[in-house]
Amino acid sequence: TTQRRVGFRYFALVTGNDTDAEYVKNARSEEGSSAHGMYFRINGAVMWSKGANMIPMEELEGRLNGEAHRILVQSSVDAGMNTLRV
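Each residue of the sequence shown is one higher than the last, beginning at 165 in my numbering.
Derived by calculation from the structure, the hints in this document are not laboratory data.
The structure displayed is predicted, hence computed values, not measured ones.
Glycine is no exception: its CB is placed at the ideal position from the N, C-alpha and C atoms.
Just so you know, not all the hints are guaranteed correct.
To be verified - Now the in silico label distances, taken between C-beta atoms and shown as ranges:
{"hint": "1", "residue 1": "Asp184", "residue 2": "Ile206", "range": "16 to 26 Å"}
{"hint": "2", "residue 1": "Leu236", "residue 2": "Thr165", "range": "11 to 21 Å"}
{"hint": "3", "residue 1": "Tyr187", "residue 2": "His233", "range": "32 to 42 Å"}
{"hint": "4", "residue 1": "Ala232", "residue 2": "Tyr187", "range": "40 to 50 Å"}
Can you make the complete structure from the sequences, with help from the hints?
Structure, rendered in structure tokens:
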């Protein structure tokens, strides 16, 4: 098992060209997104996200043990995902 501490000084959900100063200036007062898609910018680096929504496996919390959740997360990793929205 490997452990590593990671800190996010800056985290943004980018829905446009955030490297264009004119775009950033205009985006402060506008809603919606442009045709650039969507990605995360973490500490200045772009991170593309491939993932899924994780819904509760059981309606009543506590009926499934931690192993069931570990299996679900591992199967997401095996599928090449790097993001789960819970």
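Against the structure, the hints come out as follows:
1. Asp184 / Ile206: 16 to 26 Å: At roughly 19 Å between Cβ atoms, Ile206 and Asp184 fall inside 16 to 26 Å, so the hint holds.
2. Leu236 / Thr165: 11 to 21 Å: For Thr165 against Leu236, whose Cβ atoms are near 19 Å apart, the range 11 to 21 Å holds.
3. Tyr187 / His233: 32 to 42 Å: Given about 40 Å between the Cβ atoms, the range holds.
4. Ala232 / Tyr187: 40 to 50 Å: holds, 44 Å
No hint from the list above goes unmet by this structure.
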